[in-house]
Amino acid sequence: MSFWGRFFQNRLALTGGLIILILFGSSILAPLLSPYKPDEVNLQEVLSPPSKDHPLGTDELGRDVLARILWGGRVSMLVGFVAVGISTLIGILLGALAGYYGKWVDSLIMRFVDIMLCFPTFFLILAVIAFLEANIWNIMAIIGLTSWMGVARLVRAEFLSLKEREFVLAAKSIGASSFRIIFYHILPNALGPIFVSAILGIGNAILVESALSFLGIGIQPPSPSWGNMLTSGKDYLEVAWWLSLFPGVAILFTVLGFNLLGEGLKDALNPRLTDRSA
Amino acid sequence: MADFNPKITKEARERLKAYYGLDKPLHIQYFIWAKKVLTLDFGRSFAPDQRPVIEKIMERIPITLTINLFSLALIFFTAIPIGIYCARNRGSVGDKFFTVFVFIGYAIPSFWLALMLIALFGVKLGWLPVSGIKSVVGYESMGTIEKFLDISKHLLLPVLVSAFGGLAGLARYMRSSLLEVLNQEYILAARAKGLPEKSVIYKHALRNALLPVITILGLSVPGLIGGSVIFESIFSIPGMGQLFYYSVMARDYPVIMGIVVIGAVLTLLGNLLADIAYAIADPRIRVE
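Chains as they are written, first to last, in the working numbering: chain S, 1 to 278; chain F, 279 to 566.
Only chain S is shown next, with the shape it has when bound in the complex (with noise of 0.2 Å):
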């Protein structure tokens, strides 16, 4: 069976890839989803519950919780995107080196990545948000610096049984250059892996993410985010569920949707995979 056929009949994966494309629909439209602005203030409703005007309630500055939630997701998929753009790329640059010259390149880099790997990583985003500022480019820097480690055993380990195939030999033998056989030969052949690592990792991505907003670390208020909307309504938790529920669904499906759909296109890559462990 063909990838797409393996695809369409995995359905966990198709309601992974129906929930980020909602995701993606909303936070495009979210303008004209919602008539409010997301810091609209609105004194006259504080804290007022779900209702025809407001589907998801109001915040303690009467600010409506839809508008914000939609502006959030704006964030949070920025975020997400972003982070998993720089670690991808670390990861694949040291993997790849790492993987081909194999020698001291690989010791080297691989003991950084054990190095790297011995921190508890929320530690150590933590500890580097302390010397910088705490603001959206930062963020994503950060967590995407501290996040490759995982692609760039991936990609190492590919390019180690890739490099020994008979197509790599051929591109020496006419003398291709370590460049072109590194970018255009072996890496095309390693990108479904890698392209299933990047989609789990946006989720884990926007949970770190919401996890340093919640704690008034990450996406500083005014800024919608789901995480330091989940601050206020931690406050609020006794008169105002909404508050606390919603911007926690939301993120609970947004990165169940990245997780099923990166489960999904594993096995649909793998068609040895599916009848162990679908």
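Misleading hints may appear alongside valid ones.
[To be verified] So these bits of chain F aren't anywhere near chain S, every CB distance computed over 12 Å:
#1 LEU304
#2 TYR384
#3 GLU475
#4 GLY504
[To be verified] Cβ-to-Cβ under 8 Å is the rule here; a few derived chain S residues that face chain F:
#5 PRO120
#6 LEU126
#7 ILE129
#8 SER244
#9 ASN259
Calculated directly from the structure, the hints in this document are not laboratory data.
Keep in mind the model is a prediction, meaning the values are calculated, not measured.
Every residue gets a Cβ at the ideal spot worked out from N, C-alpha and C, and that includes glycine.
Based on the hints, put chain F in the right spot on chain S.
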């Protein structure tokens, strides 16, 4: 920190900087710090109490470790039976239920789960306390058993929250690992000679299926320790994670650096324990 006081004179600011060693270039500061760390001297906190960093961390480590050990135990003793159940009843309603549970466990933000549990058990039902590790009022006058119950009640939610994500992942791993082993020929041989299903699973398959699970459990240690920042600040638990959070907010660099180092040590310790457990479970890799 002197930047925040507009009235400070230039001389006083320089004196403060020199006092804390912040007047030297960053790489020199780093080497001074690293040299001291080799002798386990992490310097003194920038906080008003100015206590040695190592002292501040050490008094808070026991509670963090206790919660993490309970979480690890909870993960281990629930994830493995769930994984075995799913592998044995593959495709059943129970298996499908746990598959959904696993995906939710991966995707749920732990701090939100904590908020929801606080809202349900703390605020709505009023069954469990939601902050600290013991009652503020009346703890001293309790008997030993009451004290124990009191602390258990306080720790129940934090342990549950910190274990949740890892539990889901490990159950999934156990399931696929056992399924893989059950496909092997020696399992077929065991079944062919007429062994009851129980001894096929628990005597022949389980031990081999557990090996990769032990590795994963060891690898989950840094995640648990990192997560302690989140649940300790939500549940106001006076552990290392909460100290780290306060230090980040206060830019207390000596404490931050100290905790990062201790975090790395704990991670390596976790890996070492996993390796030892691996050797116990698998006689083949024991070194003479």
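So, going through the hints one by one against the coordinates:
no. : hint   : in the structure
1   : LEU304 : 10 Å, violated
2   : TYR384 : 6 Å, violated
3   : GLU475 : 20 Å, holds
4   : GLY504 : 3 Å, violated
5   : PRO120 : 4 Å, holds
6   : LEU126 : 5 Å, holds
7   : ILE129 : 7 Å, holds
8   : SER244 : 5 Å, holds
9   : ASN259 : 6 Å, holds
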